[in-house]
Amino acid sequence: MELILSLGIGVLVGSGTWLLFRPRTYQVIIGLALLSYAINLFIFSMGRLTVNAPPVIQPGTEIDPAAFADPIPQALVLTAIVIGFATTALFLVVLLATRGLTGTDHVDGKEDDR
Amino acid sequence: MILTSEHLIIVPILAPFIVGVLLLFVEDSRRRFKAGVSIFTAATLLFVSIELLKISHADGGRVIVYLLGDWPSPFAINLVLDRLSAMMLVLTSVLAIPSLIFSLGRWQKAGLHFNALFMFLLMGLNGAFLTGDLFNLFVFFEVMLAASYGLALHGSGMLRVKAGLHYIAINLTASLLFLIGVSLIYGVTGTLNMADLAIRIPQIIEDNRILLETGIAILGVAFLIKAGMWPLGFWLPTTYTSASAPVAAIFAIMSKVGIYILLRLSLLFYGEEQDGLDGFGSQLLLYGGLITIIFGSIGVLASQSLGRLAGYSVLVSSGTLLAATGLTQIDITASALFYLVSSTLTISAFFMLIELVEKGQNAFTSVLAVTMEAFGESEEEEEDEEIVGVAIPGAIAILGISFAACSILLAGLPPLSGFIAKFAILTAIINPEGLGQGGTISSTSWWFIALLILSGLSALIALVRAGIRTFWAPITALVPRVLLTEIVPVILLLLMALVLTIQAGPIMGFMEATAVSLHNPSAYIEGVLEAPQATSWQAEQDK
Numbered sequence: 001m002e003l004i005l006s007l008g009i010g011v012l013v014g015s016g017t018w019l020l021f022r023p024r025t026y027q028v029i030i031g032l033a034l035l036s037y038a039i040n041l042f043i044f045s046m047g048r049l050t051v052n053a054p055p056v057i058q059p060g061t062e063i064d065p066a067a068f069a070d071p072i073p074q075a076l077v078l079t080a081i082v083i084g085f086a087t088t089a090l091f092l093v094v095l096l097a098t099r100g101l102t103g104t105d106h107v108d109g110k111e112d113d114r
Numbered sequence: 001m002i003l004t005s006e007h008l009i010i011v012p013i014l015a016p017f018i019v020g021v022l023l024l025f026v027e028d029s030r031r032r033f034k035a036g037v038s039i040f041t042a043a044t045l046l047f048v049s050i051e052l053l054k055i056s057h058a059d060g061g062r063v064i065v066y067l068l069g070d071w072p073s074p075f076a077i078n079l080v081l082d083r084l085s086a087m088m089l090v091l092t093s094v095l096a097i098p099s100l101i102f103s104l105g106r107w108q109k110a111g112l113h114f115n116a117l118f119m120f121l122l123m124g125l126n127g128a129f130l131t132g133d134l135f136n137l138f139v140f141f142e143v144m145l146a147a148s149y150g151l152a153l154h155g156s157g158m159l160r161v162k163a164g165l166h167y168i169a170i171n172l173t174a175s176l177l178f179l180i181g182v183s184l185i186y187g188v189t190g191t192l193n194m195a196d197l198a199i200r201i202p203q204i205i206e207d208n209r210i211l212l213e214t215g216i217a218i219l220g221v222a223f224l225i226k227a228g229m230w231p232l233g234f235w236l237p238t239t240y241t242s243a244s245a246p247v248a249a250i251f252a253i254m255s256k257v258g259i260y261i262l263l264r265l266s267l268l269f270y271g272e273e274q275d276g277l278d279g280f281g282s283q284l285l286l287y288g289g290l291i292t293i294i295f296g297s298i299g300v301l302a303s304q305s306l307g308r309l310a311g312y313s314v315l316v317s318s319g320t321l322l323a324a325t326g327l328t329q330i331d332i333t334a335s336a337l338f339y340l341v342s343s344t345l346t347i348s349a350f351f352m353l354i355e356l357v358e359k360g361q362n363a364f365t366s367v368l369a370v371t372m373e374a375f376g377e378s379e380e381e382e383e384d385e386e387i388v389g390v391a392i393p394g395a396i397a398i399l400g401i402s403f404a405a406c407s408i409l410l411a412g413l414p415p416l417s418g419f420i421a422k423f424a425i426l427t428a429i430i431n432p433e434g435l436g437q438g439g440t441i442s443s444t445s446w447w448f449i450a451l452l453i454l455s456g457l458s459a460l461i462a463l464v465r466a467g468i469r470t471f472w473a474p475i476t477a478l479v480p481r482v483l484l485t486e487i488v489p490v491i492l493l494l495l496m497a498l499v500l501t502i503q504a505g506p507i508m509g510f511m512e513a514t515a516v517s518l519h520n521p522s523a524y525i526e527g528v529l530e531a532p533q534a535t536s537w538q539a540e541q542d543k
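For the record, the sequence lines run as chains V and Z.
So the first sequence is residues 1 to 114, counted in full-length UniProt numbering.
So the second sequence is residues 1 to 543, counted in full-length UniProt numbering.
The shape of chain V in the complex, shown without the other chains (with noise of 0.2 Å):
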């Protein structure tokens, strides 16, 4: 599982960071979000992988810290996600004004001169 979830985390990281160095708006939008979602993974990953383990301590009962999941990362996960979504939508209208203003997609707003 951690072989996976390291995986995974590196591929969205590796396309994340090539696409946020291209130079249309889109594919760094794209970019951005897909090192968010490793992002997010990432934090998850923080509080160690465990399987079928609550989160939630029953109040009165002995606790073994061992059989319950870490919930802050899943917290803090939360709240990433939420912000992380707010800004890419606030960064899509600022891509779309550029468009509508300067005609091209290139994040620079002129074209490469080739």
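None of these hints come from the bench; they were simulated from the model.
Positions of the beta carbon are idealized from the N, C-alpha and C atoms, including for glycine.
Misleading hints may appear alongside valid ones.
[As the list claims (entries may be wrong)] In silico negatives: residues of chain Z with every beta carbon more than 10 Å from chain V: (1) F17; (2) F25; (3) F47; (4) V48; (5) D70; (6) V139; (7) S156; (8) M158; (9) A169; (10) T173; (11) L184; (12) E213; (13) P415; (14) I441.
[Stated by the list, open to error] Quick partial rundown of chain Z residues pointing at chain V, CB under 10 Å, derived from the structure: (15) F138; (16) V143; (17) K162; (18) G187; (19) L192; (20) S443; (21) L495.
[Stated by the list, open to error] Example chain Z residues on the side facing chain V (calculated, C-beta under 7 Å, incomplete): (22) F135; (23) E142; (24) V161; (25) I168; (26) I170; (27) L176; (28) L179; (29) S183; (30) W447; (31) I449; (32) A450.
Starting from the known structure of chain V, arrange chain Z on it as the hints suggest.
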């Protein structure tokens, strides 16, 4: 339950948030009302933050902790007030009021929801200064950034949207780095509370140390992007130049947020426990800061428009502060804090002044200036430099005097606070063992001294050149039309710099106290971890 002064701590976050949300529901045509409410809120914030400053400075410095939801430390999400955060709060509101007054003139009308966004920006800034928790720092950073994206685009236009696109893309990437850093640190230490981290970091076993250092380094990169350290600061001059004047004026403090966090975390994590990660990263900060000063100074000299000149001045200021942070010496930190306040006030005033000086210029001129820089065509600009407008007697004199004051402050010439700040930094570097005690000065420190003086020289050359071109050279002396609401904020900020000059003694004393407590974080750590809960209600229930 009594509403004691402790509850004041949350006001700088809640007040702008509530006002900002309410302002969203007011029609944009009622501009005067909206602006009035915003200015009133900013004035309240100023009052509250001065009160907080007094509280934090009383009894030889106190650390006040506000536990949200009254969970016990270190599990609670907390707000921590000490001298440094109180000082930054005061600085933020001092900058906010003039920017808001300035926006009355023209900029408020240039787009929607200016005041609401401004309030959210204040909320993010204040939150970032107050929080004692890494993840909440991220959240407040995002609040601040989201508002700043809106404000950077305020007024629209091709140049702004283009600069905004780069700004947003870079900051989104920085936020992702921030998250990687935070989660790595959590993965290794199991806590996000800054004070708890300071205790746990020295206890980390050797195997995990590399992972922790990676996390901290990645986190640091995110803040360095914000602070504009070379080579991460290329976005900064363009964004600040293209932003509208009141926005650029408040953005002047945004690059200082990165510095604030670096200062706080580096000293908290490695201040006392030198056996932790010994001086980890401080060399990088020092050299990075030095290169940033060089880069910024070259930029200042090369700038053709005043806007870009101001943008590069931000970089010079950041570089100086980063290098001073990297030297980790108590009196250097103290003088750097003084420099931080002085330079932030100056740059903020300068951004607004530029707008007034350049008013009446064709909107394309600034675009032209930027493209000219890219293509290296320098000869055509002179014709566009002239100022058109209706003459008001004395306006040019006031503008000229303000410009001269800004130049003196930016270059660090006597008698104003810019000089005192640089002089204090230089004195601290030359006397590493205390005044008159001698001690060896490292070669890097000499470089720092040289660069600090040279950066002042380059600012002086560039500003004098620009000043002559703007105020003396035009033969057809057309005076820009200046509104009272636009010149007053500039004068207010410059007066603040004057106060800083006259009261330099007591203020420097405060900065020294701040620096001492920053370098001895045990009071901060104990203050946070032993924060009393407001459990009086629980005790009553138990009865």
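Holds or violated: W447/Z as interface residue toward chain V, Cβ cutoff 7 Å? This hint is violated: W447/Z lies away from chain V, its Cβ roughly 33 Å from the closest one there, beyond 7 Å.
Assertion that F47/Z lies outside the chain V interface [Cβ separation over 10 Å]: holds (31 Å)
Close enough to count: is the Cβ of F138/Z nearer than 10 Å to one in chain V? holds (8 Å)
Outside-interface status for F17/Z - nearest CB in chain V farther than 10 Å: holds (16 Å)
Does L192/Z meet its interface restraint, that is, does its C-beta lie within less than 10 Å of any C-beta in chain V? OK, holds: L192/Z within 10 Å of chain V, min 8 Å.
Measuring Cβ to Cβ, find out whether L184/Z lies farther than 10 Å from everything in chain V. violated (7 Å)
Given a cut of 10 Å on the nearest C-beta pair, is the interface hint for L495/Z held or broken against chain V? violated (37 Å)
With chain V as the partner, please determine if S183/Z meets the hint condition of a C-beta pair closer than 7 Å. holds (4 Å)
Find the nearest Cβ of chain V to the Cβ of E213/Z and say whether that gap is larger than 10 Å. Consistent with the label, E213/Z stays out of reach of chain V, its closest Cβ about 16 Å off (over 10 Å).
Taking C-beta pairs only, is T173/Z more than 10 Å away from all of chain V? It is violated; T173/Z is separated from chain V by about 7 Å at its closest Cβ, not greater than 10 Å.
Does E142/Z hold up as a contact with chain V if the rule is Cβ-Cβ below 7 Å? Check passed: Cβ of E142/Z comes within 5 Å of chain V, closer than 7 Å.
Take a quick look at S156/Z and tell me if its Cβ sits farther than 10 Å from every Cβ on chain V, holds or violated. violated (8 Å)
Hint check: violations occur at hints 6, 7, 8, 9, 10, 11, 20, 21, 26, 30, 31, 32; the rest are consistent with the structure.
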